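Here the sequence shown is numbered in full-length UniProt numbering, starting from 1 and rising by one per residue.
Don't read these hints as lab results, they were simulated from the structure. The model shown is predicted, which means the values in this text are computed figures rather than measured ones.
Result set (DSS-like, lysine-lysine): computed pairs, CA atoms no more than 25 Å apart in a straight line:
no.	residue 1	residue 2
1	Lys365	Lys19
2	Lys152	Lys294
3	Lys524	Lys462
4	Lys462	Lys19
5	Lys71	Lys61
6	Lys61	Lys19
7	Lys327	Lys19
8	Lys365	Lys328
9	Lys152	Lys328
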Amino acid sequence: MLDVAIIGGGLCGLALARKLHLRGQDIAIFEARDRLGGRILTAPRGDGGGLDLGPTWFWPKTQPLIAQLVKELALPDFAQHDEGAVLHLREGEKSAERIEDKRLYDDARRLHGGMTVLVEALARALPAASMHLGHELASLRDCGDHVMLAFKTGEEPMEIAARRVVLALPPRLLCEAVLFTPPLDEATDQAMLGAETWMAAQAKVAMEYRDAFWREQNLSGSAFVTHEQAVIGEIFDACDMAAGLYALGGFLALNADLRESFGVGLPVLLESQICNVFARNVEPLHIHYQDWAKERLTCSAADRAQQGGDGSHDVANPLLRQALWDKKLFLGGSETAARNAGYLEGALDAARRIERALAALEAKKATSGDALFDDMPVNEASLARFSAWVDTRADEVFENYRRRLNRALASQERDNLTQVAVLGAMEEVFQQALSLLATLPFDMDDVAIERGRTALTPRIQKPFGDLLQSIMDDVVAFNQTSCALSNFPDEHKLSQEYTRVIMQDIAAAWREFSLSANGLLLAKRREAQRQEVS
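All chains should be built: construct the whole structure from the sequences, respecting the hints.
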């Protein structure tokens, strides 16, 4: 039986698999496509260059996870070209307006060879036998101590068993294509349906040229087309000068239905649009085109019907980050991220969250056995057990918050709903933590005490740091996505001042917990000393 089955070979699934493999866990990736990468898709060239038809950029200043991964894997990167004027074509029959000294991409960077090199590097870090292509998940069944997964493979259906399962797929696709037994709860199901899939209804083009003719005119290559007949809405420089690749990329302005109706004539329209914007009669060497709305493994029926934004909303509904089926089932993928949802950074944020949750569960399991305490100093064992307990509290605390909030709404309360519910949930977990500490054995004889504080107290406080941040992130995101709170503007989108007041309340409860925990340890020391005297 597998320790962890990861469904989806995109960035989230691959990054998580790499971390779990390094920890020695028995993992496997199951990908429905005949390739890895998911929405990372690069049109290859024989000379090593590549043109991205999926995600293209990352921003090191605001996206530390992807920046660190690129550094760890020693992948060569370069700055997005952003020098020169930007063009804006407002009317189809007129010339484009030239806008000088406008920078659009800040510190955006790209990878030499395209984003596929990231996928390839992650795949190389995994055993070949752990990656299974052409395996489309059909159903999941909770079997108590494990999950049974059924796949369509193009041949005979197959089943595998895993202790834990990570679904690193767009949530809407899971709702549409996967049978859950038992069914997921209604709130989670609605959160999944509400998670717009990044780029799902969009299309992207990359056009190769003999030279970068726009740079000769001191143009950045960036352009916007906003008239009603626009075919490409946004254009950018897609060159990789180190590989001798001269290209322009763009996002189509046409919706999925119009793109399909133009059919074989679309390449001509794309070429004409570029000529019109740059006022140059230039013919591309190659046109690379990807319509994600035609990808059933990317675009759900809900995404195609919506055809709205690009799916990147920065934060996702926190219900998508809760472990399901008694912590055997986890939702992953960029659409579930606490930060940068829809971006590459979001995929890594989701992978990190699940990695930490799985590590906490393993630690809790390991520290629950008496045998381990025989090999560990008593204080280290007690601290390890306490830390593992705190690391697995996030879902319970957030559910507590939701219950308190729902009770307040049902009672038609209107004032300080979030503040009261968050504080109540945190005070409850602090009280539970104190109860656990009281049962754990500590040897206080040689523990230093300075100004009334034991040396163990900071180590008891430490695990709560991530929990406090996680809860506030989830509360803010949940309130933003809650229809029930839409009639309470101050609660729906928490202001900085309101958030500050909530944090002050939590800080006060935190100080009270810390004092009580320290007092409990001091009491254990006094009790041990009394027993020695007697």
